[in-house]
Each structure stands twice: as C-alpha cells, then as structure tokens.
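Peer 1: Listed below, chain by chain, are the residues.
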Amino acid sequence: MASSDPNKNYLNEKSGLMSWLTTLDHKRIGVMYMIAVMFFFLCGGIFAMLLRTELIHAGPTIMNSQQYNQVMTLHGAIMVFMVIIPGIPAFMGNFFLPMQIGAKDVAFPKLNLISWYCLIIGAIVVVASLFYHGVDTGWTFYTPYSIKTMNGTTLVVAGAFIIGFSSILTGLNFVATVHKLRAPGMSFFRMPLFVWALYSTAILQVLATPVLGITLLLLVFERTMGIGIFDPEMGGDPVLFQHFFWFYSHPAVYIMILPAMGVVSELMATFCRKPVFGYKAVAFSSIGIAAVSFFVWGHHMFVSGQSEVAGILFSFITMLVGVPTAIKCFNWVATMYKASIRFDSPFLFALGFLFLFTIGGVTGIMLATIGFDVHVHDTYFVVAHFHYVMVGGTLMAIMGGFYYWLPKMFGRMYNEFWARVTFVLIFVGFNVTFFPQFILGTMGMPRRYFDYLPEYQPLNTISSIGAYTIGTGFLIALFVILHCIFKGEKAPDNPWGARTLEWQTKSPPPHENFYQQPVVTGGPYEYR
Amino acid sequence: MSTANVSHSSSGEYHHHTAHHFENAEAEYNASKFGVWLFLCTEILMFGGLFVGYIIYHQRYPEIFHTGAKFLDWRLGATNTVVLLISSLTMALSIYYAQVNNKKMVLVNLYVTLACAFVFLGIKWIEWSHKIHEGLLPGRLFHYDGPEAAVKDLPMYFGFYFGMTGLHASHVICGMALIVWLIVRAHKGHFGKNYWTPLECVGLFWHLVDLIWIYLFPLLYLIG
Chain U
1 MASSDPNKNY LNEKSGLMSW LTTLDHKRIG VMYMIAVMFF FLCGGIFAML LRTELIHAGP
61 TIMNSQQYNQ VMTLHGAIMV FMVIIPGIPA FMGNFFLPMQ IGAKDVAFPK LNLISWYCLI
121 IGAIVVVASL FYHGVDTGWT FYTPYSIKTM NGTTLVVAGA FIIGFSSILT GLNFVATVHK
181 LRAPGMSFFR MPLFVWALYS TAILQVLATP VLGITLLLLV FERTMGIGIF DPEMGGDPVL
241 FQHFFWFYSH PAVYIMILPA MGVVSELMAT FCRKPVFGYK AVAFSSIGIA AVSFFVWGHH
301 MFVSGQSEVA GILFSFITML VGVPTAIKCF NWVATMYKAS IRFDSPFLFA LGFLFLFTIG
361 GVTGIMLATI GFDVHVHDTY FVVAHFHYVM VGGTLMAIMG GFYYWLPKMF GRMYNEFWAR
421 VTFVLIFVGF NVTFFPQFIL GTMGMPRRYF DYLPEYQPLN TISSIGAYTI GTGFLIALFV
481 ILHCIFKGEK APDNPWGART LEWQTKSPPP HENFYQQPVV TGGPYEYR
Chain S
1 MSTANVSHSS SGEYHHHTAH HFENAEAEYN ASKFGVWLFL CTEILMFGGL FVGYIIYHQR
61 YPEIFHTGAK FLDWRLGATN TVVLLISSLT MALSIYYAQV NNKKMVLVNL YVTLACAFVF
121 LGIKWIEWSH KIHEGLLPGR LFHYDGPEAA VKDLPMYFGF YFGMTGLHAS HVICGMALIV
181 WLIVRAHKGH FGKNYWTPLE CVGLFWHLVD LIWIYLFPLL YLIG
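These protein sequence lines are chains U and S, in that order.
In this text, residue positions in the first sequence follow my numbering: the first is 1, and each later residue adds one.
In this text, residue positions in the second sequence follow my numbering: the first is 1, and each later residue adds one.
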C-alpha cells in the first residue's frame with residue numbers, strides 16, 4: 001500500500017488541508033497535536049505573563065482582583081489539561097511510540113483521530129466560557145464555591161470532561177499498541193525507555209481519567225440540577241469532591257512527569273553514547289511510580305479535615321514515591337559517568353531537567369511531611385514546588401525532546417546556536433522566577449491572591465523579571481522551531497547516531513515508517 | 001474499532017481486509033478485543049465513582065435510602081432486569097450464528113436485542129415520568145409534599161437514583177446506536193465465519209451495560 005518512491009514521505013504523500021484533518025497516520029496526528037499544544041501553550045503563557053505583570057508590585061497593576069482570579073484559573077486549566085497532559089504522550093508519543101517499537105501505526109488509528117478532535121472540541125468549550133462571565137475557581141474546581149460561582153464554570157468543567165476522553169482514548173491506544181504491535185524480536189526488555197514511560201502513563205490515563213470524568217459530570221449535575229452530593233446545604237460533602245478530584249489529579253501529576261522521564265532516558269543514552277545504566281531498574285521504576293501514584297491523593301488534603309491516621313498513611317506512601325524517582329535520577333547520573341558526552345542542546349535540556357527536577361522532587365518530599373505541609377500549605381512554597389516539577393521537569397523535557405526529534409519529524413536541522421540561547425534563557429529565567437517563590441512561601445505569602453503585603457515586594461519583582469526571561473526564551477524557541485520546519489538545512493537520517501528504531505529509517509519517515517518490517521535482535525541502546 | 005476496508009469479490013461474497021498495520025486478521029481481532037476490554041475498565045472506574053458515593057452516603061444517611069426505595073416499584077425493576085438478561089443472551093447468540101455463517105439468525109438475534117433495549121427504555125420512561133410528575137426529583141428540583149418529605153436530605157436519594165439510572169440509560173442508548181450499526185452491516189452480509197469482530201466488541205460492551213444494571217437494581221430498588 002505504501003509507495004516505495006524514495007521522494008515520498010508522510011508529509012508530501014497527500015496534500016491539502018482535508019488530507020490532514022481526516023488523516024489516520026499517527027505521524028500526521030502527532031503533528032496536529034504539536035500544532036494544537038503549541039497554540040495552547042502560547043495562550044497559557046500569555047496568561048502567565050499577565051499574572052506576573054499584575055504581581056510585579058503590590059496593589060492593582062493591570063487588572064482588578066476579579067480578572068486576576070479568572071486569568072489565574074485559565075492559566076492553570078489550559079496548562080494542565082491542554083498543554084502538559086497531552087504535551088508529551090499525545091504529541092511525541094503519537095509520533096514516536098509506534099516507530100520505536102517498529103510498528104506501522106497505533107492499534108486504533110480512527111480512535112487516534114477522534115482523540116485529537118476531543119481535545120479540540122473540549123478546548124473550544126473551555127474558551128467559550130469567556131463569553132459566559134468566565135470562571136474563577138482555580139483549575140481544581142473545589143466545591144461548594146464552584147457550585148455557586150459564575151456561569152462559565154459549567155462550560156470549563158464540561159470542556160475538561162471532553163478533554164478527558166481524548167486522554168483516555170490516547171492511553172487505551174498506546175496500551176493496545178505496545179501489547180499487540182511490537183516488531184518481531186521486540187521483547188518488552190528491548191523496548192526503549194521512552195516506550196516504558198509512555199506505557200506506564202497510558203495505564204494511568206486509562207485507570208484514573210474516568211474517575212475525573214464522573215467527578216466533573218457530578219459537578220455539572222450539581223450546578224444544573226443541584227443534586228446535592230457535594231453541596232453541604234443539602235447534606236452533601238465537599239471533602240468528597242476533593243477525594244474524587246485528587247484520586248484522578250494526583251496520578252495525573254505522573255501522567256505529566258513520567259513521559260518527561262522517558263524523554264530524558266532517550267537523551268541520556270543518545271548523547272552519552274552508552275546504554276542507560278540500570279535499564280531494567282529505570283523501566284520498572286516507571287511502573288512503580290504509576291502504581292504508587294494511586295495511593296497518595298490524600299497529601300493534597302492534609303488540612304481538609306480528613307482523619308489524622310489517613311494523613312499519616314498518605315504522608316508515608318507519598319515519601320515512597322521518592323524511591324523509584326531517585327532510582328531514575330541516580331541511574332541517569334551513572335549513565336553519564338565515563339561517557340563520551342555530546343553537549344548538543346537536547347542534552348543541555350536533559351541536564352536542566354535533572355537539576356530542576358531534583359529540586360522539585362526534594363521539595364515534594366518536604367511537603368509530604370505533614371508538619372511542614374500544614375505550615376506552608378497554600379503558600380507560594382507549593383506553587384514553586386509544582387512549577388519546578390511541571391515546568392522545570394516536563395517542559396524542559398518537552399523542549400529537549402522537541403529539538404532532538406525535529407530532524408526526524410521534518411527532515412531539517414534547527415539552528416544550534418539559537419537553541420542554546422533558548423536553553424540559557426529558559427533555565428536561568430526559570431530559577432529567577434521560581435526560586436524566590438520558595439522563600440516567599442516560607443515567609444508566609446499565600447498563593448492565588450492578586451495582592452500582597454509590602455514585605456513581599458522585592459522577591460515578587462525579581463520573580464516577574466524571571467518570568468519575562470522565560471517568556472523571551474520560549475518566544476525565541478518558537479522562531480527556532482518554525483525556522484527549522486520551513487527553512488532549516490536538510491538533516492541526515494540519523495544526525496545523532498542514535499540506536500533506537502525511529503532513527504533507522506528516512507527523515508521524514510515514509511507513510512508506513514519503514515521500507516521493510518524491522519526485525520529486532522538486541523537492546524535499544526547498544527552503543528558499545 | 002478496526003480500520004476495515006470493504007470490498008466484495010466477483011462472487012459477491014464479502015471479504016474483510018485486515019488493516020495495513022496488522023500482521024494478519026487474527027492479530028487485528030485480538031487487538032480489537034483487547035482495546036474493548038481496556039475501555040470496559042474505564043467504564044467500571046467511571047461508574048465506580050458513583051458506587052463509592054452511594055456507599056459513603058448510605059453509611060451516613062441510611063434512612064434516606066430506605067425511604068427513597070419505597071417510591072420505586074420493584075416489579076418494574078425486576079422486569080427490566082429480565083429484559084436486559086434476555087438481550088444479553090441474544091447478543092451472544094448473534095456471535096454464535098455469525099461463527100456458523102447463519103446470516104438470517106444473526107439478524108433475528110440483533111433485532112431481538114434492539115427490541116429488548118426499547119422495552120427497557122420504555123419501562124424507564126414510565127418510571128421516570130411518574131417520579132417527575134410526583135416531584136420526586138434530585139436536590140433543588142425536589143417538590144414532593146407527602147409525609148415522607150419530612151425525612152431530612154431525602155432529595156439526595158433521588159440525586160443518586162437519577163444520576164445512576166440516567167448514566168446507565170445513556171449507555172443503553174449508545175449501545176442501541178451500535179446495534180443499529182451492526183444490523184446495517186449484517187444486512188450487507190459483512191459477518192460470517194471469517195469475520196465477526198464488531199459483533200464481539202459491541203457484545204462485550206452490551207454485557208457490561210447489563211451487568212451494571214444488575215448491581216443498580218438491588219442497590220436502588222430492593223434496599224427499602
């Protein structure tokens with residue numbers, strides 16, 4: 001079915017907008033996810049810049065408190081549901097998971113296309129809320145406030161519900177693909193670690209997202225019919241909402257970070273030119289993190305009035321997450337030992353990930369300790385912690401993976417100098433933005449407020465300047481990527497000399513990925 | 001769920017093309033079934049949220065469940081249980097008849113399944129319109145004024161009743177749409193001893209819908 005013409009690839013096999021909007025090719029769907037996620041990231045990023053501009057000095061700067069609450073909610077909801085969750089799995093995973101296991105496509109290509117449309121339709125519903133007075137609950141939609149506040153809440157909640165389907169369908173597709181479509185010889189322990197990470201993520205997506213689905217559905221019922229399950233006025237329990245919400249949303253944190261860890265494993269192997277140290281330990285630690293993640297949701301609720309025994313258990317299990325996570329970090333460091341490292345920009349981002357994620361992870365252990373958490377609960381310490389994990393972790397990995405795979409996706413090289421400039425701006429800007437927030441948190445500055453006391457002034461100004469630095473870095477990165485796609489120099493098929501299967505075919509890949517069915521005879525990282 | 005291309009050979013007999021990314025028809029069949037089982041897991045977790053909510057509030061306010069269940073007619077519920085069980089049987093039989101190449105019986109069984117689904121929804125309609133008429137509605141909408149209305153928080157029971165049976169009924173409607181799709185394909189002669197994947201997949205979904213009802217029936221009707 002695929003043409004064997006060497007000039008044909010997935011990009012020029014068919015042309016016209018309709019050929020993209022109706023495509024069943026996982027690579028084209030991956031590119032469509034890329035465009036969508038980049039657009040959402042731009043929106044979420046603009047909101048972030050507005051927030052930091054408002055906070056640059058005390059008192060109203062560019063908006064009032066009501067507008068601030070709405071901008072903060074949209075920044076959170078867009079970044080979580082529309083950028084970080086689909087970011088790596090749906091975009092890079094779609095493109096490279098089938099290629100890395102030597103398959104021609106994902107198991108259910110039509111479902112794959114439907115999941116993209118779910119994301120887009122959900123996003124439109126979320127944006128439509130702006131025309132119904134917006135939403136000001138924060139991305140967590142806590143009851144009973146979310147039952148009573150503005151009309152737009154119903155739309156945002158419904159939009160998140162629809163986006164949930166996108167996530168479930170992608171996860172389902174990936175689990176089935178990994179089980180059923182591996183190339184001959186591709187045993188589980190010959191799969192690249194990116195595939196292991198996506199597989200663990202996909203299990204979380206399949207098992208956790210439906211619980212968010214029913215929670216959001218009940219919230220919609222609550223707002224439209226007042227069924228009373230989460231409404232204390234009618235005998236309902238708002239803490240039950242928190243339990244339901246975090247039963248999904250804590251595993252969702254690992255939906256965001258596990259794929260990033262997979263990307264970093266790939267970058268470590270390729271740019272160190274060595275097998276990843278402790279391959280099996282890294283692979284199993286992905287599964288370990290996924291398994292433990294289902295039993296830690298209560299650490300979001302230490303001050304909600306849940307029982308103390310529950311608090312102690314959740315605190316202990318939360319610290320357990322540190323074990324598989326540390327296994328990964330130590331193994332990556334061990335991979336670099338005595339390696340012949342190439343410091344190309346993807347690897348710089350991987351190093352940035354290691355540095356920032358370690359800070360994010362260790363502060364996570366601090367927050368898992370009940371006494372400390374009660375002290376800094378709902379302060380900027382928490383904000384700094386999860387930005388170190390999600391931005392310092394996941395976004396660094398997205399950028400590294402993006403530069404790493406650009407030559408394969410579009411057959412063109414990006415500008416290495418400017419890519420390094422983006423790394424410096426993003427890395428430095430990130431620390432300037434968020435490290436002061438740790439200090440602000442321990443000083444007691446509460447999160448989610450549009451104003452603050454004068455003693456928090458200097459650190460907030462520094463933080464805002466850092467935010468503009470990150471913003472500049474990402475804007476330059478956007479130009480580097482667009483320049484690469486449209487004007488970049490032609491790239492060789494395997495510019496990094498990587499060993500995984502996606503690099504063993506042409507760039508850009510042909511419609512069926514490989515000209516012949518690959519047969520696997522060894523591990524993914526056999527550099528020596 | 002398969003990406004089937006449809007064609008008829010010169011003899012007019014239907015031949016199912018395996019999608020290009022599968023090694024053979026067997027692999028495609030296995031992958032489709034595997035995908036549906038995963039989907040069923042998500043369904044169970046979604047309904048699981050409602051069941052957990054039910055358990056928690058039943059523990060907290062047992063009286064509202066006991067009072068509320070008295071408004072439900074167990075005979076209608078039991079009839080619906082039997083109707084759904086029959087539909088599950090005919091659904092399974094349609095797969096068997098596809099495997100032995102009996103197109104007529106595949107169709108007969110699919111039509112019976114669809115008819116059962118209509119009967120189920122019809123009975124649901126009667127039950128719901130009766131409750132809506134009496135004002136036995138969820139939360140804010142509740143406006144029943146009989147003596148039982150004195151039971152505090154009773155409206156929450158009807159929140160669960162309409163929430164659970166409503167979500168279930170929406171699944172029945174989705175299942176009916178899928179069965180109509182199967183009937184159309186069966187008429188075209190798509191199913192036979194070499195290909196019955198869609199029957200199997202929709203069948204699995206239909207059995208789950210049936211199974212969920214089997215739990216809803218005692219929890220809502222018989223608890224009084």
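By construction, these hints were calculated from the structure, which means they are not laboratory data.
A portion of the hints provided could be inaccurate.
What the hints assert, rightly or not - Some chain U residues near chain S, calculated using beta-carbon distances under 10 Å:
no., residue
1, P98
2, L172
3, L207
4, I229
5, G235
6, F316
7, M319
8, G322
9, R447
10, Y449
What the hints assert, rightly or not - Short derived list, chain U residues pointing at chain S, Cβ under 8 Å:
no., residue
11, A103
12, A107
13, I168
14, R223
15, M225
16, L240
17, L478
18, L482
19, I485
20, E489
Note that the structure is a prediction, hence the values are computed from the model and not measured.
Glycine is no exception: its CB is placed at the ideal position from the N, C-alpha and C atoms.
Peer 1: Any CB of chain S closer than 10 Å to the CB of P98/U?
Peer 2: 8 Å, holds
Peer 1: Have a go at the I168/U hint: is there a Cβ in chain S nearer than 8 Å to its own Cβ?
Peer 2: With a minimum Cβ separation of about 6 Å from chain S (threshold 8 Å), the hint on I168/U holds.
Peer 1: Is the hint on A103/U kept, meaning its closest Cβ partner in chain S is under 8 Å away?
Peer 2: Holds, because the Cβ-Cβ distance from A103/U to chain S comes to roughly 6 Å (cut-off 8 Å).
Peer 1: Can we keep the L240/U interface hint, with Cβ of chain S closer than 8 Å?
Peer 2: 6 Å, holds
Peer 1: When the nearest CB of chain S is found for M319/U, is that gap smaller than 10 Å?
Peer 2: With a minimum Cβ separation of about 26 Å from chain S (threshold 10 Å), the hint on M319/U is violated.
Peer 1: Would you check whether L482/U satisfies its interface hint, that is, whether its CB is within less than 8 Å of any CB in chain S?
Peer 2: Violated, because the Cβ-Cβ distance from L482/U to chain S comes to roughly 31 Å (cut-off 8 Å).
Peer 1: When the nearest CB of chain S is found for A107/U, is that gap smaller than 8 Å?
Peer 2: With Cβ-Cβ at 5 Å, under 8 Å, it holds.
Peer 1: With a cut-off of 10 Å, does the beta carbon of F316/U approach a beta carbon of chain S closely enough for the hint to hold?
Peer 2: Check failed: Cβ of F316/U comes no nearer than 23 Å to chain S, outside 10 Å.
Peer 1: Does the nearest C-beta of chain S fall within a distance shorter than 10 Å of the C-beta of G235/U?
Peer 2: At 4 Å from the nearest chain S Cβ, G235/U passes the 10 Å test, so the hint holds.
Peer 1: Min Cβ distance, R223/U to chain S: is it shorter than 8 Å?
Peer 2: 10 Å, violated
Peer 1: Holds or violated: is there a CB of chain S closer than 8 Å to the CB of E489/U?
Peer 2: Violated - the Cβ of E489/U stays beyond 8 Å from chain S, reaching only about 32 Å at its closest.
Peer 1: I485/U was flagged as interface toward chain S. Is the shortest Cβ-Cβ separation under 8 Å?
Peer 2: 26 Å, violated
Hint compliance for this structure: hints 6, 7, 8, 9, 10, 14, 17, 18, 19, 20 are broken, all remaining hints hold.
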